[in-house]
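For the protein sequence lines, the chains are B and Z, in the order given.
My numbering numbers the first residue of the first sequence as 65 and each following residue consecutively.
My numbering numbers the first residue of the second sequence as 65 and each following residue consecutively.
Rather than coming from a laboratory, the hints here were simulated on the basis of the structure.
Check each hint, because a few of them may be wrong.
No copy is singled out in the list; a pair is fine if it fits within one copy or between any two copies.
Stated by the list, open to error - With a Cα cut of at most 25 Å, we get these calculated BS3-like pairs of lysine-lysine: (1) Lys92 to Lys299; (2) Lys265 to Lys286; (3) Lys177 to Lys212; (4) Lys406 to Lys286; (5) Lys346 to Lys92; (6) Lys290 to Lys265; (7) Lys293 to Lys483; (8) Lys495 to Lys177; (9) Lys177 to Lys489; (10) Lys265 to Lys527; (11) Lys527 to Lys442; (12) Lys286 to Lys140; (13) Lys403 to Lys286; (14) Lys508 to Lys406; (15) Lys290 to Lys348; (16) Lys483 to Lys100; (17) Lys293 to Lys348; (18) Lys348 to Lys212; (19) Lys293 to Lys311.
Protein chains: 2
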Amino acid sequence: MFALSSILSPDSNSPHPMYIQLATQMIKHIRAGVLKPGTKLPSIRRLSVELNLNPNTVVNIYEELILQGWVYTKPKSGVFVSDQLPELKPRSFKPEVSAFNITHYKKTQESSKCKYYINDGFPDYRVAPINEILRQYKKAFYSQNIEKISLTTNAISSWGLRASLIKDLYTSRGIQATEAQIAITRGAQMGIYLATAALIKSGDYVLVGEPGFAIAHATFEKLGAKLIKIPVDEKGIDIGLVEKAIKRYSPRLLYLVPHHHHPTTVILTSERRMHLISLIQKYKIYVLEDDYDYEFHFDHTPILPLASADHRGCVIYIGSLTKILTSSLRIGFVIASEKIIKNIEDHKRLIDGRGDLMLQEAVADLYENGTIQRHIRKSLKLYRQRRDLLCNALTLELGDSVSFTRPQGGMSVWIKFNKKYPVQKIAYHAKTLGLHMSDGSFYKTSDQDHNAIRIGFASLNDKEITGIVSILKQAIKECR
Amino acid sequence: MFALSSILSPDSNSPHPMYIQLATQMIKHIRAGVLKPGTKLPSIRRLSVELNLNPNTVVNIYEELILQGWVYTKPKSGVFVSDQLPELKPRSFKPEVSAFNITHYKKTQESSKCKYYINDGFPDYRVAPINEILRQYKKAFYSQNIEKISLTTNAISSWGLRASLIKDLYTSRGIQATEAQIAITRGAQMGIYLATAALIKSGDYVLVGEPGFAIAHATFEKLGAKLIKIPVDEKGIDIGLVEKAIKRYSPRLLYLVPHHHHPTTVILTSERRMHLISLIQKYKIYVLEDDYDYEFHFDHTPILPLASADHRGCVIYIGSLTKILTSSLRIGFVIASEKIIKNIEDHKRLIDGRGDLMLQEAVADLYENGTIQRHIRKSLKLYRQRRDLLCNALTLELGDSVSFTRPQGGMSVWIKFNKKYPVQKIAYHAKTLGLHMSDGSFYKTSDQDHNAIRIGFASLNDKEITGIVSILKQAIKECR
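Pulled out of the complex, with its shape left as it was, chain B reads as follows (with noise of 0.2 Å):
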């Protein structure tokens, strides 16, 4: 037989103990067939001597290896590789892998050579009150009983934010709600996931507009859904299309995002937004209304949501806190009846067991004590000079290379580029000069190419803006 230690590789740098990884080796070995049933193994001052081990470890090692019924010793005959396995041919066909395999690592490291970048419409965390929620958070991890929370009732949304989210829907955007019709999810992103599941079975149709939010539209198709796409106009979804498909097709679901569209940023008018809900009236059909930056409208107080109007239970109501912390804070609730709020947290049961309902406590003190309050004051006045910085900038610099609308709110501006200049070629050339930016393909959401993105200003400083809208110029420039 082959030295045993020839085999084994202690490793004294790992955190773990000498004789969990030895055995640990052993076992592997003993499993692959390479140390056979029966096999005589050596003694333990031969192991140790050959390994460089004091001989306590190896007796640690053949220990692991008896209690946990691999090897077994014979009286003064020695250790012996238990031989009430089944034995098994040594692994053939699949090819060992490295460990620590690294090219991975390394594209995101080249790719982060950029200076800038372009992003959907993300808050600016440097402005966000990071350190406020941490300091909540600790303390409602010390303050709450984490048990008492998750155990007294099978609730896994927190009563404290839904209580909070509740008043503040109330006086903010007209929604009436009780605490058993809201649920918090991970984000707005969740809550469309499960709001679908709880609505739409596998060949419903689903009405979305056109362009629209590419996520949106994976999630409904994901859940068995085939989609309607309705043309979005300068003044929102046509709604005189979408009874028209509803009479063609008696779609089980409209997904709506009325402020703010995505991607166009175009706001549903007041005059659409009372036709459609006689259509709801009339026809019953669903709506997922997605109001995912409701608070972010610069111009006047955001128009009041479907969901606070008369739509008979059939709007379900989305929104987001993480454009208002930042995007790695994720929470959204769903407004809906008490039925559908039930599928919901069952759903969410499953996904992601109770959620964290320490952030969710803590989020909900920041209300209370007018923290976040403050901070969307405060943002929106930020991202208003930004908007204007950007859309000022653009027009300066990029001329009618580029033709886009200054939008009323939200957090980013569709731009369309010329049709001279192919968005994926300049993202190219963007990319040589410092900036990373979308070539256009999440915007595509049918065979029509709108040669456009969105660019985020909600998260860029002054500087950040001129140096992007000047590299933007030039790879223009770059592509004639």
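On the provided structure of chain B, position chain Z as indicated by the hints.
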């Protein structure tokens, strides 16, 4: 016309500006048909007197309504409700709901009166390194560029945590994987959900243990599976019967909890594991290996996972950090082939967006600096003491009213009550004595009534263990 002021209710304690509050209320009345199109609204002066408001506030209200298109001014006549909006009847059948329904809150408070709680096996958050986690979390926010991480790759699992876990799993569990073969999830539960969704289609058979983990079973059924229940005995799930079921039903998947099986805490023996590996190689059945509390093994190190054996890509391995950290910091992982991981990541994006990359980076740092490993060693020692204290007290105080096997690992003891004492009754009496516990229904996954619950000992200090056992004793007495 009735006085407008009679249907408006200014709330000076609201964090929202007065004019927005009142404009919101007026829009609701317009939409509800209470204020009909064409209605003339009171003059600024009159409304300000009636509501006892500064006239400027009323000017702001009307400006807001004009901007949003709900009302218009006729020169020299006054302000009118817009008549370009379709008239809607006032809401009729939908009952007005109170926005501040507090029945649920009350219910929560009521059951929060208990002095003690029995959980299913939570870690003790009081000894968890919460300070270190939150400190590192905060650092991650300020030292990492969130946008950069989110945008430069499409990664929705942090590369840092993937790398740390791969290194750790290799040395501690013998699992070899690349960074493209691991996905980070919100706890093991999201891993079970996503991996199952990647593997099965509606109508597929899934083998599960009986008794088994009710939430996993509900997950499989939610995703369309038909369950085949295989008995679990003191050596784990019966692999002989697994083979019979494979031949008969051609199931797509076997769900396996090899360490500390839920709920029974039994460990699948080495012999059965080897047998199962040979079945995997023969029948190519997928195995979802849920090793949620691998770290907590008291008498010897845990048996190596199936995922470390030659499983030909058929074992999908699921782990959890939630059991190490605290119930509300939900982090888990799935290890599988690149193709399955890609499917999981694509699906995860539809459920949870990019997740919380900052928390993942923070936990990666805690792996790198040894905090996690130190905490595991520390809590392992503590939990072993608690297991022994609980088991000894149960034997001493409850005698033959209960039967259980001292678990070799995990965070809970599976306790069967003598049939004379139905667990529902015990739970009822316990509650009146200040102990909140399961009534056993969570553990009933078939017609068979085990009359049993799990007592999670990890989160209980000595005083709590003594207190709980003493109430159990009393509650059993009350059943006589």
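Outcome of the hint check:
1. Proximity of Lys92 and Lys299 under a CA criterion of 25 Å is satisfied inter-copy only: 21 Å between copies versus 65 Å inside one chain copy.
2. In the homo-oligomer, the alpha carbons of Lys265 and Lys286 lie at most 25 Å apart both inside one protomer (11 Å) and across protomers (12 Å), since each shortest distance falls under that limit.
3. For a Cα distance limit of 25 Å, the shortest separation of Lys177 from Lys212 across copies, 9 Å, qualifies, whereas the shortest one inside one copy, 47 Å, does not.
4. Proximity of Lys406 and Lys286 under a CA criterion of 25 Å is satisfied in both settings, with 22 Å inside one chain copy and 15 Å between copies.
5. Proximity of Lys346 and Lys92 under a CA criterion of 25 Å is satisfied inter-copy only: 20 Å between copies versus 67 Å inside one chain copy.
6. In this assembly of identical chains, Lys290 and Lys265 lie within 25 Å of each other by CA distance both inside one copy and across copies; the values are 10 Å within and 18 Å between.
7. Proximity of Lys293 to Lys483 under the C-alpha cut-off of 25 Å is restricted to the intra-copy arrangement: shortest distance 24 Å within a copy versus 61 Å between copies.
8. In the homo-oligomer, the alpha carbons of Lys495 and Lys177 lie at most 25 Å apart inside one protomer (9 Å), although the nearest pairing across protomers, at 60 Å, exceeds that limit.
9. Proximity of Lys177 to Lys489 under the C-alpha cut-off of 25 Å is restricted to the intra-copy arrangement: shortest distance 19 Å within a copy versus 65 Å between copies.
10. Proximity of Lys265 and Lys527 under a CA criterion of 25 Å is satisfied in neither setting, with 49 Å inside one chain copy and 51 Å between copies.
11. Taking the shortest Cα distances, Lys527 and Lys442 sit within 25 Å of each other inside one copy (20 Å), while across copies they are farther apart (49 Å).
12. When the C-alpha separation of Lys286 and Lys140 is checked against a cutoff of 25 Å, the pair qualifies neither within a copy, at 64 Å, nor between copies, at 58 Å.
13. In the homo-oligomer, the alpha carbons of Lys403 and Lys286 lie at most 25 Å apart both inside one protomer (23 Å) and across protomers (17 Å), since each shortest distance falls under that limit.
14. Taking the shortest alpha-carbon separations for Lys508 and Lys406, only the inter-copy value of 22 Å comes in at or below 25 Å, while the best intra-copy value is 35 Å.
15. When the C-alpha separation of Lys290 and Lys348 is checked against a cutoff of 25 Å, the pair qualifies only within one copy, where the shortest distance is 19 Å, while the shortest distance between copies is 34 Å.
16. Proximity of Lys483 and Lys100 under a CA criterion of 25 Å is satisfied in neither setting, with 69 Å inside one chain copy and 47 Å between copies.
17. Only within a single protomer do Lys293 and Lys348 lie at most 25 Å apart by alpha-carbon distance; the minimum there is 20 Å, versus 42 Å between protomers.
18. In this assembly of identical chains, Lys348 and Lys212 lie within 25 Å of each other by CA distance neither inside one copy nor across copies; the values are 41 Å within and 44 Å between.
19. For a Cα distance limit of 25 Å, the shortest separation of Lys293 from Lys311 inside one copy, 15 Å, qualifies, whereas the shortest one across copies, 46 Å, does not.
The structure is inconsistent with the numbered hints 10, 12, 16 and 18, although it conforms to all the rest.
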